[in-house]
Amino acid sequence: MSGESTNYSQTAEFVRQLLTAAGIAPDTDEIERAIKGYPALRESMERLYRIPYDHEEDLAVIFSA
Amino acid sequence: MQYPETIASALDALLTGAITSEELVEASLERSEQFDDLLGVFLHQDAEQARAAAKAVDLRRRAGETMGPLAGIPLGVKDNILTADAPTTAQSSARDPIESDDAPIVARLRQAEAVIMGKTTTLEFALGFNDPDKPFPIPRNPWNVTHWTGGSSSGTASGTQAGMFLGGLGTDTAGSIRMPAAWCGISGHKPTFGLVPRTGVLPLGWTLDHAGPLARTAEDCAILLSVIAGPDGEDRSVRDQVSFDFAEVELDFRGLRVGIAQNPMSRSVTGVQRLVLDAGVMFESLGARVFELELPVYEEVVDSVMLGLSAEAFAYHRPEAINRWHDYGRSTRSALLTGALLSSTDYLQTLRVRRFAQRRLEELFENVDLIIAPTATQSAPRLDRLDFQEVVGMLQTHYWNGTGHPALSVPMGSVDGLPVGLQIVGRPFADQQVLDAGRIWQRHTDYHTQVVPL
Chain B
1 MSGESTNYSQ TAEFVRQLLT AAGIAPDTDE IERAIKGYPA LRESMERLYR
51 IPYDHEEDLA VIFSA
Chain P
1 MQYPETIASA LDALLTGAIT SEELVEASLE RSEQFDDLLG VFLHQDAEQA
51 RAAAKAVDLR RRAGETMGPL AGIPLGVKDN ILTADAPTTA QSSARDPIES
101 DDAPIVARLR QAEAVIMGKT TTLEFALGFN DPDKPFPIPR NPWNVTHWTG
151 GSSSGTASGT QAGMFLGGLG TDTAGSIRMP AAWCGISGHK PTFGLVPRTG
201 VLPLGWTLDH AGPLARTAED CAILLSVIAG PDGEDRSVRD QVSFDFAEVE
251 LDFRGLRVGI AQNPMSRSVT GVQRLVLDAG VMFESLGARV FELELPVYEE
301 VVDSVMLGLS AEAFAYHRPE AINRWHDYGR STRSALLTGA LLSSTDYLQT
351 LRVRRFAQRR LEELFENVDL IIAPTATQSA PRLDRLDFQE VVGMLQTHYW
401 NGTGHPALSV PMGSVDGLPV GLQIVGRPFA DQQVLDAGRI WQRHTDYHTQ
451 VVPL
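For the record, the sequence lines run as chains B and P. Reading the first sequence from the start, the letters are residues 1 to 65 in the numbering used here. Reading the second sequence from the start, the letters are residues 1 to 454 in the numbering used here.
So that you can see chain P by itself, here it is in the shape it has in the complex (with noise of 0.2 Å):
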């Protein structure tokens, strides 16, 4: 069996009946059995669970029933999210494993029928490098595995390239579902900030924390998003009314305007620039107007973000970080350290700033309709030359966390010999639309198709 690429595929290969959930799962767990030691995918997996839920899709299917939106498809889940089938860790030694019920969006992929096949590595609550001293797996790029795969979501990220699952979930606090996605070269969406519930993802900063998906391509990031997205009674940013339904509509370029970040692409390297220029011009050539912009205070709001989440991350970590500080990994503790050296003024400051660039954005979002920049200014650093504040340069994902705007990372071609992702940015709750312009970009692409030679 040819493994598919795409939950898209999969699903129809599933409806007709040319391959079933178990032969999915089956070579999913033979790919984890091949390449986890060498990638650092997951942190808990459960084989003969994952074999049983395919089975029991399967067997539903064959009698005739209607079945989920996701019924016997292998996805991954970040382990900063709860699960109930297995113990929570945020990949660190600080907190005991959470024991607990599924959180609302796991419940929705379960129910949907997806097939969970384990709980997928990540930075130590999502903040921290991964640390060579605490007894947790360093993910590895598929691409190179002397590389890095960005993070925090970086087990979802590699196992969709690598081919342990098709899709999954992660976070994003100032870029760490489209991060990753860039590095390993697949698809990643941060949604707007109140579309997807947070209730039972462990907390990094409360007001910058956003839960999506990453896929090899838009669409499968589409398919996922209809499925977790809306209301769960619980997370009080969720807006009641917001809901997401992947439609098939076609987006028309012809006449909307797309503006290419200057603030971003000064800071990327040549290969980058001239990549997200590409875009521009296969943009133009659909129909959009093309141009130049300026984000309004760009560095101030990339600021807000670092610095408001270290604020928001010790307020939450303070207890521990009072009794158990070594039990952190130093990169962690590092960022926490800042926290504790910010005031309240300092920290509310943080939030006024954000409040003044989304009143700016809304300014600049009636002359232009999306707009594009680079997902980080390079591809993917090595493991054996990771800095924290380097890092946080590469990324041009920030500022998307301060103001709540939807973000899809999407690949765009290689620099380096490594991935490099085109981040789409859409006007608030305008997910449909940023997710299309992913999706239309994609068929007139390639790079979303490059599979990882393992």
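So here's chain B without its partners, still in its complex pose (with noise of 0.2 Å):
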């Protein structure tokens, strides 16, 4: 339980400084529900840096479609 809530306080400490960082200045709500959500977040980015690729991948943002 300790570990549970150390782990809480860490994100909220982290997702307050990403927020500092930004320079914006959400409601106490909205930044309750930035903690809450923010590992499923993190999840989701770490999943991406999951998949095996097998060559080196340029960026999507011209295509040569």
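Hints in this document: simulated from the structure, not taken from any laboratory. In this text the structure is predicted, and so the values were computed from the model without any measurement. Keep in mind that the hints are not guaranteed to be accurate.
As the list claims (entries may be wrong) - Reference excerpt, derived from the structure (chain B facing chain P, CB under 7 Å, subset only):
| # | residue |
| --- | --- |
| 1 | GLY23 |
| 2 | ILE24 |
| 3 | ILE35 |
| 4 | GLU57 |
| 5 | ASP58 |
| 6 | LEU59 |
| 7 | ALA60 |
Backbone N, C-alpha and C fix where the C-beta goes; we use that ideal spot for every residue, glycine too.
Take each chain as given, in its own frame, and dock them per the hints.
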């Protein structure tokens, strides 16, 4: 339980730092939702790093299609 | 006068003199007067301007002049696309309304002598949800006003279904043309990335944004696309040599390989799955070889689109987000906030995933010509039960924004008494083939002819 609350407070601190760096000032409830949703957001993002790339991929900005 | 159901039939009627543009526009205005308060289609409408434009077209026609390809056709334009005759608000209080010249795609419609009926409702900057606390109409589904239209090209879709115009322009960053088209029972086409210029379209996500047509039929979408496609010298994503010339060629389904994408099928309700399978049977009866297939890295591309979109939107909106945070609607703020939590490394990774998927799809399309799938997992949800994350889960459109392929949604029946859409996807720049497939589908079905009984 104390591990969970430590994780939560670390996440909360990190999310607040990111929002400060971004320069925005959301409402308290918006920040709270962002903190609660951050682990899932991070997991969605981490999944993108786990794709087994078989060669160097460039970026899909200009489409050669 | 009976209101024509399609752009193609209206053009025929105008050509033979069975109707005039003034009659057409008057009938459209009458529908707007009757139902716009209920349906929330328009953010701005200037009836006198529309009447004047229609009158000018009729005068030219009567004088025997050569007419533009859309002469006298009433159309709607989504309010995130710049127009000279009306301010552009993107349905937001966070920025002042924009006075400007026409976006090139609007200028092309006017050059083709279409009659622009007004600016249609959207979601805030095509991103948030409709917010009852903000001073904008809530778009309601013409088939059942307690249900949502889908978004964000909401007004163009519902206004087409309700007979307030015959079609129009929308934009599609994660499904915003195809979703409302499907849920309002009309057709909508997301062109190949790089076919239609986005100059003068307020950005949501630069690498994901597409502008395109909505209309009752695939044929009408093709007619509109042939007017708006092609380079404008400004949008560098549009390749110099691309164009789209609508031609009534008969797509031969014999030997065509049609794949039913299983990833979106497995997420859909039974009724939607059954209708897609029925579509496969129909294509098979025309001579196609129909089989199941899996789309590569489906979940990852969907995530990369939603995450990348948030990052790109936050980059665009950051100055206002810093200074006018509470002028944005709550759901828009929520999406922008997600973008603020991502790193530059994360954003670049979303682009790498999309390129990875493009390469895998190049291989896949060596063995398949068209892919069909549900546009959404179910029919339109109730307005009072809208949840952003749930709606994102219903959409099966994002994937093709991530990869840039052309994707058309056509009506394929109804589930729970409301329309649902069939998505038809082809190779990059095979928009003609995709739209022809839709046209042939609509020759053998009558879902697109079902007009809401208002």
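Status of each hint after checking the structure:
About 5 Å separates the beta-carbon of B:GLY23 from the nearest beta-carbon of chain P, less than 7 Å, and the hint is met. Hint on B:ILE24 holds. Least Cβ distance to chain P is approximately 5 Å, under the 7 Å limit. At about 10 Å, the closest approach between the beta carbon of B:ILE35 and any beta carbon in chain P exceeds 7 Å, and the interface hint on this residue is violated. Interface restraint check: B:GLU57 against chain P, minimum CB-CB distance 5 Å, threshold 7 Å, status holds.
Below 7 Å, beta-carbon pairs count as interface contacts, and B:ASP58 has one with chain P at about 6 Å; its hint therefore holds. The beta carbon of B:LEU59 comes within 4 Å of a beta carbon in chain P, closer than 7 Å, and the hint placing it at the interface holds. Because the closest C-beta pair between B:ALA60 and chain P is about 4 Å apart, less than 7 Å, the hint holds.
Checked against the numbered hints above, the structure violates only hint 3.
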